[in-house]
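Each protein sequence line maps, in turn, to chains A and B. Counting along the first sequence from 1, when you hit position 87 you're at 87 in the numbering used here, and nothing is skipped either side. Counting along the second sequence from 1, when you hit position 246 you're at 246 in the numbering used here, and nothing is skipped either side.
Wrong hints could be hidden among the right ones.
Partial list, computed: chain A residues near chain B (C-beta under 10 Å) [said to hold, decoys possible]: (1) R4; (2) G8; (3) C10; (4) F28; (5) I29; (6) V90; (7) I113; (8) Y116; (9) E120; (10) A122; (11) A137.
Calculated from the structure, these hints are not laboratory results. Since we're looking at a predicted model, the values are computed, not measured. Ideal Cβ placement from N, Cα and C applies to all residues, glycine included.
Residue strings, one per chain:
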Amino acid sequence: MYSRKMYGICLRYAASTDEAQDILQEGFIRVFKHLSSYKGKGSLEGWIRRIFVNTAIEKYRERIYHLSVDEVGNDGEFVHENMGVEALNVRDILTVVQQLPVQYRMVFNLYAIEGYSHKEIAEALDISESTARSNLARARRILKHKLNKEFEVILQAI
Amino acid sequence: MNKKVDQQYIDRKFREKLEGLEANPPVEAWLSISEAISKPSRTAAVPVFFRMVAAVAVLIVSLFSLNFLFLNRSGQNAEIADWPVQQAPLIDLEPAPVTGPGGQRVESPSVTDNAAAVNASQIGQPSPAMAFFADLNRMSALRNAYLERTALSFLPFTQRGEISGRDTFEAANEAVSGNTGQLMLASATDGARGYGNISFGAHFSPQYNYRILRGVSDMSFSDIPFQSLEEQIMTYTVGLNAFIELSPRWTLQTGVSYMNMGQYVKDIMSYQHPLRLPLYNSGTGQVSHPQSIITSQGNIRLADPHLYFADNQSYRVLTNRHAMEGANLQSLTESQEGVTQVFRFVEVPVVFRYTLFERGVGLRLKGGLAASYLLNNDVFLGHDMMQNPIGKTTGIRQFNFSAVGGFAMDIPLTGNLTFHLEPTGQLFISPIVREGVMTGHAYPYGFSLQTGISYGF
Numbered sequence: 001m002y003s004r005k006m007y008g009i010c011l012r013y014a015a016s017t018d019e020a021q022d023i024l025q026e027g028f029i030r031v032f033k034h035l036s037s038y039k040g041k042g043s044l045e046g047w048i049r050r051i052f053v054n055t056a057i058e059k060y061r062e063r064i065y066h067l068s069v070d071e072v073g074n075d076g077e078f079v080h081e082n083m084g085v086e087a088l089n090v091r092d093i094l095t096v097v098q099q100l101p102v103q104y105r106m107v108f109n110l111y112a113i114e115g116y117s118h119k120e121i122a123e124a125l126d127i128s129e130s131t132a133r134s135n136l137a138r139a140r141r142i143l144k145h146k147l148n149k150e151f152e153v154i155l156q157a158i
Numbered sequence: 001m002n003k004k005v006d007q008q009y010i011d012r013k014f015r016e017k018l019e020g021l022e023a024n025p026p027v028e029a030w031l032s033i034s035e036a037i038s039k040p041s042r043t044a045a046v047p048v049f050f051r052m053v054a055a056v057a058v059l060i061v062s063l064f065s066l067n068f069l070f071l072n073r074s075g076q077n078a079e080i081a082d083w084p085v086q087q088a089p090l091i092d093l094e095p096a097p098v099t100g101p102g103g104q105r106v107e108s109p110s111v112t113d114n115a116a117a118v119n120a121s122q123i124g125q126p127s128p129a130m131a132f133f134a135d136l137n138r139m140s141a142l143r144n145a146y147l148e149r150t151a152l153s154f155l156p157f158t159q160r161g162e163i164s165g166r167d168t169f170e171a172a173n174e175a176v177s178g179n180t181g182q183l184m185l186a187s188a189t190d191g192a193r194g195y196g197n198i199s200f201g202a203h204f205s206p207q208y209n210y211r212i213l214r215g216v217s218d219m220s221f222s223d224i225p226f227q228s229l230e231e232q233i234m235t236y237t238v239g240l241n242a243f244i245e246l247s248p249r250w251t252l253q254t255g256v257s258y259m260n261m262g263q264y265v266k267d268i269m270s271y272q273h274p275l276r277l278p279l280y281n282s283g284t285g286q287v288s289h290p291q292s293i294i295t296s297q298g299n300i301r302l303a304d305p306h307l308y309f310a311d312n313q314s315y316r317v318l319t320n321r322h323a324m325e326g327a328n329l330q331s332l333t334e335s336q337e338g339v340t341q342v343f344r345f346v347e348v349p350v351v352f353r354y355t356l357f358e359r360g361v362g363l364r365l366k367g368g369l370a371a372s373y374l375l376n377n378d379v380f381l382g383h384d385m386m387q388n389p390i391g392k393t394t395g396i397r398q399f400n401f402s403a404v405g406g407f408a409m410d411i412p413l414t415g416n417l418t419f420h421l422e423p424t425g426q427l428f429i430s431p432i433v434r435e436g437v438m439t440g441h442a443y444p445y446g447f448s449l450q451t452g453i454s455y456g457f
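Chain B with its partners taken away, still in its complex shape (with noise of 0.2 Å):
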């Protein structure tokens, strides 16, 4: 017997066999080729990424030095308002005279030397300790001379010899404002603060999520009616907030979120073992799930090898024949109706905030752009997000930018601590799905309501 078995043999008749071998690639070898062909390079997404976070690192940085050099006016003003005018700075320097229309003298605050409290030479050698905090001193009288100088020149020429001390601010801040200070650039006595404070703070949003679909009647498999057999599902997003204050009534928020959108896909049947054994297997032991779900949102890619799908209203779900032989499909029973899509985020928000209304609480308008990357997603079997996942979303953008918009309500509590109340709407301006993988576009949109607390600068 064994003669006959020669090399050659074998050889011609494993060639015969296998030469001509065909078999269809499954679907999901289709769709990670697709996937793969249309991803635009992790080392091109990513940088625009994080060049986008160090453009609003830089933004914030530079803000906040310009808030220090020049720009904490009424901060400063509640510094000085509440001081004395008896109590002068502590510097020599002879303020710039001002004079009024009928030519007479108007002197503004006295800056005299108050030489025992910062002059070290006469208190013999000063430690570095009181080296340090004469300088801070003589850093502080210079600012607030200047700024008092400042202050007095947005008077009207009539006014300025009638003032001084205290009044001298709150009349500068009634000419600037044009009233009595309901706004920004309030009287120190208010409490407010002036623009150019920054306030940083934390949020949590319960989410509203769901989707617009454009094109759905040439998306691609375009007779199954989306529409019916998705629902929208309630996720969160939480974060940290910068709130920069650019004039007296535009506010500039920005930050990092984390943030959790998706969709339920319903009418989707999962079948198990009783005894919850794999129903397939490859031949080697390695297990590939033979099934992927079409949703409006991406292809889902099934992982869990315990699991069979059908699809009760449509046909959604793509089974590999090839793949499938061999599967043990005997006395299964049924699972859960319907699976969750969940998409993770990281999201920088660029947004400008007027304020329409402010007496205590404040009430603004806001509106502006987010960039979010995508950091991950999972599938789940049914409502429930706290089990393990089944499978991910393939041809998800990684990279999309939403218009946000809402109002904000700001609620002082104590102190420079606000509680802000904002419902929020977030519509991403790009598709969520990659181009290519479908030619209708769905754009995810959520509904939040942002509630927070920041604490001002």
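This is chain A alone, in the form it adopts within the complex (with noise of 0.2 Å):
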């Protein structure tokens, strides 16, 4: 039932499909194992919403640990062929996100889709405000920077 939203969700925070099925099933498993302590308070949706967000997160904290510094990316990295105005749709757009540096993609999704405040990021991600702050404007400046070229045809497509 919920299920194409889930996913929907874990392929923003991944970075490929492989990542986003991950996330999918460790969020399901949690989601069948504590069921229970679901009260009827508020939507179910946004309790396996939550659920799943929660376990991107998590993930990005595992991983986190287990990245170089190379593994992180700069600005300048980022490349993505073929952005055509014709080309651009929902995949599209999830792909831009999905090749964020994983830090980024992060505060940008927890930001700017999931509405959190830089503190309840910070406390998430086990970062600063400052860092979260800083990690978002970079997100921004990479979306910004690949979708230059194209801005406003871009704008309009979308």
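Once you've looked at the hints, go ahead and assemble the two chains, each given alone in its own frame, into the complex.
Given below as structure tokens:
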């Protein structure tokens, strides 16, 4: 019932479909395990969604300790081919987000899509608020940079 | 232009586009979830397996100990029977007198002191080695004397006065076995060994494998005629055996085997690019195969990105369309037909063998249970199990039990070596696919011709 939406969330937080599947699997296992703890307060979808976002955050926290500086990447590394206007659909936008360095992707998703505050993001990701702010700014800069060439057209398209 | 691109605008546009993003999870994701939810914890399964192995080990050690302490009578019989009566045991031990019905005293074989051989005090200070061998001699003599007395006690009183020495044991054997020694506890001159003996051996078994289906009509995807779309395969089993003689007729057989089982899934066509280029790409360089194949023995998760599969007869091949976007399926050529599933187990059998007949060659009926632990599994293209695997079967039960039965022909070779030829059948009594993966059940079975050699101690 919620699987399509939850898989959409997983795809946003993941760098690949394999990673998204990992989050999906972990998330659903948690949902099944903790279903009895859902007390009916708020919507079930919201409760499940929160579990998936938290799963993605935990996956990130597990992974971030194993990332070297090189893997984190920098603003100039981003490459995306064939960003033609005709190709600008949800899948391409998703791909752009997926190709953000992992720290920036997490912060951008939590802030721009989920509506977390910088304080909440800092707590969730175990970083400082200023780091959260700077990561968000860098994420936006990367997105802007990559979409810059045809940005006007892109804005019309999306 | 850049003025338009303010931060909030970017956030909002991405949010609008991605907030409600929906996508169909790939089939393999559901299989993984189903597998993970229904999977018993490894921490629970592994200790059970090791507990069983430990139990078998304890059983073997216990019986081996018993063999040395009490049960190895016929072996001692052989030792004593070949011993001339004049060669008495080496220590002072007055044998208990045996009295017949008529009151006459029957002397058991003479037990005298052979001081020259063992009394170190008469030859001066003993060396540690001499003392050790003297102790061994004394222990041996004590056991022999005990066994002689035991053997004699099997005889009717009327016969006790008429026999001595070597005859004692042959008569005792007859009294115990009720025949002339054709089975166990046979006379020492036959060279047969008595119960309590242990043999160790190794075997190799070519094996015919297939499965029985139960509840197929209820199976998920029940329209798939698995019965006509899958075939048996030949595999093999190798292992180490221990045979423990429990009684004249009963023997316990156990050990550890490495067993291969599986089946051939036919009418699955595979295609690949003539230059063997990868067909799928997730967009980030990480390849994920978008197809799975349903079989009666689990779901095959494919992993080789160079292959595309199609089902000629049914709809066993599931394809994740989302992941197929961008797949390069142009100019593919047919590769092979069918795939082979192979499951590899380590198995501990506990089998009882009943002697039907033994005149040189022994014929036994055997039956028991075996516990098997899934080590790994592979799926191969076509029938060739020597090439690289193309995927794995998911949903397979880690821990399985099976019933074992058949015949065993034991052919003595030289000395303590025995050749075994054992037509054996084996049927899983637990379904190989875990609960919740499919509603129908597949029970693998195999027929093998176990061939092996054992050495008796």
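Hint by hint, here is what the structure shows:
Taking 10 Å as the C-beta contact cut-off toward chain B, the hint placing R4 of chain A at the interface holds, the least distance being around 4 Å. A cut of 10 Å between beta carbons decides the hint on G8 of chain A: the least distance to chain B is about 3 Å, and the hint holds. For the restraint placing C10 of chain A at the interface with chain B, the shortest Cβ-Cβ distance is roughly 8 Å, inside the 10 Å limit, so the hint holds. Here the hint on F28 of chain A is kept, as its CB sits about 5 Å from the closest CB of chain B, short of 10 Å.
Taken as an interface hint, I29 of chain A checks out: its beta carbon lies about 6 Å from the nearest beta carbon of chain B, inside 10 Å. Taken as an interface hint, V90 of chain A checks out: its beta carbon lies about 6 Å from the nearest beta carbon of chain B, inside 10 Å. Among the interface hints, the one on I113 of chain A holds; its C-beta lies about 5 Å from the nearest C-beta in chain B, closer than the 10 Å criterion. Residue-level restraint check for Y116 of chain A is violated (minimum Cβ-Cβ distance to chain B is 12 Å; threshold 10 Å).
The restraint placing E120 of chain A at the interface with chain B is violated, with a minimum CB-CB distance near 16 Å, outside the 10 Å limit. A cut of 10 Å between beta carbons decides the hint on A122 of chain A: the least distance to chain B is about 18 Å, and the hint is violated. Interface hint status for A137 of chain A: upheld, as the beta-carbon distance to the closest one in chain B is roughly 8 Å, under 10 Å.
In the structure shown, a violation is registered for the earlier hints numbered 8, 9 and 10, in ascending order.
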